[in-house]
Amino acid sequence: AQTVTQSQPEMSVQEAETVTLSCTYDTSENNYYLFWYKQPPSRQMILVIRQEAYKQQNATENRFSVNFQKAAKSFSLKISDSQLGDTAMYFCAFVNTGTASKLTFGTGTRLQVTL
Amino acid sequence: EAGVAQSPRYKIIEKRQSVAFWCNPISGHATLYWYQQILGQGPKLLIQFQNNGVVDDSQLPKDRFSAERLKGVDSTLKIQPAKLEDSAVYLCASSFSPQGFSSYNEQFFGPGTRLTVL
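Chains A and B, in that order, give the protein sequences. 1 is the number of the first residue of the first sequence in this note's numbering; add one for each residue after it. 1001 is the number of the first residue of the second sequence in this note's numbering; add one for each residue after it.
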């Protein structure tokens, strides 16, 4: 069974600074996708960024980038130039390409962006 | 494009009562998911539908939870009877995922229904 671990329950960053959220996962599969989801206080879950395991290049979406280390089974999220609107719960998630899109989520990291 | 709609947004019931949640996915999305998100945890998949058929319900407590997706569009999730530990946010999500399409399709989530069981 796949597991996703987020070891940072809460983090805080000042506006305009950079913050990195950690995620590790465990799987015996070779083909899979990894995701970071954002869940603001309104609770609508939004996809932030995704990484295909077969791609060596780290994914980037504007201020959001990942550091994907396949051998170490590590998938961290870096948020640059943090904004107040980045305040939310962030979930790391995993899906095996062979399991009909069944997402496995971590327990989340609560990020607070302060002035 | 309209997003995933859910109702009600909040529900408070007493234990042993029944409750039902409704979800309307994004138009054209073949796959629909129900997740349970207990406070302090990540969402856990309860059931997945492909059109009106069940793909995965391995984590659905079938003695008290049931779900249906008649006509392959909207869906209802029911709990009967509710227990204190059912207090959670119930998230519905949908993805395009036409039958036989093997690559991952992004899941779009609704706002959720917050259930409190007293």
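Some hints here could point you the wrong way.
[Claimed, not checked] Under the rule of at most 30 angstroms between Cα atoms (straight-line distance), these lysine-lysine pairs were calculated in the DSS-like manner:
{"no.": "1", "chain 1": "B", "residue 1": "1078", "chain 2": "A", "residue 2": "73"}
{"no.": "2", "chain 1": "B", "residue 1": "1071", "chain 2": "A", "residue 2": "102"}
{"no.": "3", "chain 1": "A", "residue 1": "78", "chain 2": "B", "residue 2": "1083"}
{"no.": "4", "chain 1": "B", "residue 1": "1071", "chain 2": "A", "residue 2": "73"}
{"no.": "5", "chain 1": "B", "residue 1": "1071", "chain 2": "A", "residue 2": "70"}
{"no.": "6", "chain 1": "A", "residue 1": "70", "chain 2": "B", "residue 2": "1078"}
{"no.": "7", "chain 1": "B", "residue 1": "1044", "chain 2": "A", "residue 2": "78"}
{"no.": "8", "chain 1": "B", "residue 1": "1011", "chain 2": "A", "residue 2": "70"}
[What the hints assert, rightly or not] Anything over 10 angstroms on all C-beta distances counts as not near chain A; from chain B, calculated:
{"no.": "9", "residue": "1008"}
{"no.": "10", "residue": "1045"}
{"no.": "11", "residue": "1051"}
{"no.": "12", "residue": "1086"}
{"no.": "13", "residue": "1089"}
Hint data in this document are derived by calculation from the structure and do not stem from the laboratory. The model shown is predicted, which means the values in this text are computed figures rather than measured ones. For glycine and all other residues, C-beta sits at the position ideal for the given N, C-alpha and C.
Status of each hint after checking the structure:
1. For the hint linking residue 1078/B to residue 73/A, the alpha-carbon distance of about 37 angstroms lies beyond 30 angstroms, and the restraint is violated.
2. Between residue 1071/B and residue 102/A the CA atoms are separated by roughly 22 angstroms; this keeps the pair inside 30 angstroms, and the hint holds.
3. At most 30 angstroms may separate the alpha-carbon atoms for a hinted pair to count; residue 78/A and residue 1083/B exceed this at roughly 40 angstroms.
4. A distance of roughly 41 angstroms separates the Cα atoms of residue 1071/B and residue 73/A; the hinted pair therefore is violated under the 30 angstroms criterion.
5. Distance hint between residue 1071/B and residue 70/A is unfulfilled; the C-alpha atoms sit about 41 angstroms from each other, more than 30 angstroms.
6. Among the hinted pairs, residue 70/A with residue 1078/B is inconsistent with the structure: their alpha-carbon atoms are about 40 angstroms apart, more than 30 angstroms.
7. At roughly 25 angstroms between alpha-carbon atoms, residue 1044/B and residue 78/A fall within 30 angstroms of each other, so this suggested pair holds.
8. A distance of roughly 42 angstroms separates the Cα atoms of residue 1011/B and residue 70/A; the hinted pair therefore is violated under the 30 angstroms criterion.
9. The beta carbon of residue 1008/B is kept farther than 10 angstroms from every beta carbon of chain A, the shortest such distance being approximately 13 angstroms.
10. For residue 1045/B, the non-interface assignment is contradicted: its Cβ lies about 6 angstroms from the closest Cβ of chain A, within the 10 angstroms cut-off.
11. Under the 10 angstroms C-beta cut-off, the non-interface status given to residue 1051/B relative to chain A holds; the minimum distance is some 13 angstroms.
12. With a least beta-carbon separation of about 17 angstroms from chain A, residue 1086/B lies farther than 10 angstroms from that chain, consistent with its non-interface assignment.
13. At roughly 6 angstroms from the closest C-beta of chain A, the C-beta of residue 1089/B falls inside 10 angstroms, breaking its exclusion from the interface.
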